[in-house]
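Engineer: Can you build the whole structure from these sequences, using the hints too?
Number of protein chains: 2
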Amino acid sequence: MNQIEWIAVDWGTSRMRLWALNAQGEIVESAASELGMAKIAQGQFETTLLQLIEPWLTGQTKPLPVIACGMVGARQGWQEVPYEAVPCSPSSQLSNVKTESQQVNVQICWGLKQQVPADVMRGEETQIAGLLHHQGSSYEGVACLPGTHCKWANLAAGQVIEFQSYMTGELYELLAKNSVLRFSIHDDDWHTEVFDKAVRAALDEPGSITGRLFGLRAESLVGNSAGYGSAARLSGYLIGLELASARRFWESNKVSIIGASGLAKHYQRALKLVGCSAHLLDTEAMTLAGLKAAYEAYKVESDV
Amino acid sequence: MNQIEWIAVDWGTSRMRLWALNAQGEIVESAASELGMAKIAQGQFETTLLQLIEPWLTGQTKPLPVIACGMVGARQGWQEVPYEAVPCSPSSQLSNVKTESQQVNVQICWGLKQQVPADVMRGEETQIAGLLHHQGSSYEGVACLPGTHCKWANLAAGQVIEFQSYMTGELYELLAKNSVLRFSIHDDDWHTEVFDKAVRAALDEPGSITGRLFGLRAESLVGNSAGYGSAARLSGYLIGLELASARRFWESNKVSIIGASGLAKHYQRALKLVGCSAHLLDTEAMTLAGLKAAYEAYKVESDV
Chain A
17 MNQIEWIAVD WGTSRMRLWA LNAQGEIVES AASELGMAKI AQGQFETTLL
67 QLIEPWLTGQ TKPLPVIACG MVGARQGWQE VPYEAVPCSP SSQLSNVKTE
117 SQQVNVQICW GLKQQVPADV MRGEETQIAG LLHHQGSSYE GVACLPGTHC
167 KWANLAAGQV IEFQSYMTGE LYELLAKNSV LRFSIHDDDW HTEVFDKAVR
217 AALDEPGSIT GRLFGLRAES LVGNSAGYGS AARLSGYLIG LELASARRFW
267 ESNKVSIIGA SGLAKHYQRA LKLVGCSAHL LDTEAMTLAG LKAAYEAYKV
317 ESDV
Chain B
17 MNQIEWIAVD WGTSRMRLWA LNAQGEIVES AASELGMAKI AQGQFETTLL
67 QLIEPWLTGQ TKPLPVIACG MVGARQGWQE VPYEAVPCSP SSQLSNVKTE
117 SQQVNVQICW GLKQQVPADV MRGEETQIAG LLHHQGSSYE GVACLPGTHC
167 KWANLAAGQV IEFQSYMTGE LYELLAKNSV LRFSIHDDDW HTEVFDKAVR
217 AALDEPGSIT GRLFGLRAES LVGNSAGYGS AARLSGYLIG LELASARRFW
267 ESNKVSIIGA SGLAKHYQRA LKLVGCSAHL LDTEAMTLAG LKAAYEAYKV
317 ESDV
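Chains A and B are the protein sequences, given in the same order. Heads up: the first sequence begins at 17 in the numbering used here, then just goes up one per residue. Heads up: the second sequence begins at 17 in the numbering used here, then just goes up one per residue.
By construction, these hints were calculated from the structure, which means they are not laboratory data. Any given hint could turn out to be false.
If several chains are the same, the list does not tell them apart, and a pair holds so long as it fits within one copy or across any two.
What the hints assert, rightly or not - Each computed SDA-like pair below joins lysine to any residue, with the alpha-carbon atoms no more than 20 Å apart: (1) Lys114 / Pro79; (2) Lys114 / Met87; (3) Lys281 / Asn18; (4) Lys315 / Val196.
Structural biologist: Now the structure itself:
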């Protein structure tokens, strides 16, 4: 039974991923593209989508539902859709997008917002929805989503209770590639013991890290260690600082890290150092599970 | 008596400043140029200097001493000169630079280095020498030199005992101009009460700041305060973090801030919030005083 019933789209800032699914929720076709939100001019989103899914539209007799999440719903995206305020169920609200084409019925998942302290997410809410679907709606625990702006979220009874974003990934990129440290940081210079030591230093004395950063440059100038493991040290300092600040999330909770990349493994390792055993879940699998849950809710709502 | 006896040069990364002085140490002529070290190709330093001081060389019958400090002595500069290890007197060592021209005798001041924790400075040591000259050699206290890489130094008996660099200025620039916060930070949006509150937040909970940064962006998205005083807040967070880490320098010491810019005044204000009354000294005046002290030592050494 390979009849396409709907299309799931994860449309982020720099990339997108598309799946065609049948009535049983099985993947019939899939595609990936580098045409992330940031690369598409205003007014070109529909054309871009239709070109990518054209082969999947053949033989369709009515509009095909397309459920999309991510930065496609931001002000600079296809159409700005609202943020739902926490506490709430993630990805439970969708906004319809007006299209020229009659072949698709496009819905974009709302992001989440928090008033105090102010915070927002777009895209991660769908991965969290996937986690909640995966774990069962009574799940209580914490989701950690490493990336450019790492998100931590407290979850209970199918809802996101509160969350916080950390600029750790962006800070790493800025320091390693755009600051004076660029001469001293070599991404392939990874040493686990250096990373561990840096995480512990940041957790023990978070206020000291800002003073240790220039040391990464100075060490290569004064000849100590010639910057041994500098990438691991910078990463350890920044992830350790984040853990110091995110203590309330991980201290007495089950933590699920959504992400299977090297970065996610560094978070897992850092958490292990502080006695927290976190498990890794695949980002793409969680996104797809979240989009499936959104589609199920959409079907009920629109009585398809 | 306006006969030029020597030339003082502050040759930094992005700018340079030159003074022609007579035997009484009075300024006879001065000049400034945007031809900082970073803008000059290897092999072009001598030509650049000679063009700038050409009018001052007229009528000189023997080589004119030129004492220079700053990044001109770095690996990417005119000629790499060593770092002297602390504890030591700042700017007391000079290296002679070989020149094609017989009209000048160029000397570059050594930087300072510290082995543990690793740290370096080039240029600030001459400003500190000026401060020590200004305060008298028995001075005990702390020098704070705000800038791209702010330096704190403990001084006693005419020596730099130890020092530490903070990347605060560079972090501010990266976050305000190159990160996602660039949409939310407006440099002209300064509010003193916001700055004060941010400094205190960083001092009270240094580990929390990394989690507050994204809030500067999120506030403008969720509509709270529309980012009121965001530049002051970012600056306050980063200076507060630095003060948290630099506590051993300012807690029970006299602090001299070398710098009269807006940034130096922000440091002065932040220090006042923690009960430390710091006074401001002009950077250029301290640099020139340091170069004068270096020239006096050079005269004794070379028996001029």
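Engineer: Between Lys114 and Met87, at a C-alpha cutoff of 20 Å, which is it: within one copy, between copies, both, or neither?
Structural biologist: For Lys114 and Met87, the Cα distance is within 20 Å only inside one copy (17 Å; across copies 59 Å).
Engineer: With identical chains treated as interchangeable, where does the CA-CA distance between Lys315 and Val196 reach 20 Å or less: within a copy, between copies, both, or neither?
Structural biologist: So Lys315 and Val196 fail the 20 Å test inside a copy (53 Å) and across (36 Å) alike.
Engineer: Is it within a copy, between copies, both, or neither that the alpha carbon of Lys114 lies no farther than 20 Å from that of Pro79?
Structural biologist: within (12 Å within a copy, 80 Å between copies)
Engineer: For Lys281 and Asn18, with the copy left unspecified, which applies at a CA distance of at most 20 Å: within, between, both, or neither?
Structural biologist: neither (36 Å within a copy, 69 Å between copies)
When held up to the earlier numbered hints, the structure conflicts with 3, 4 and fits the remainder.
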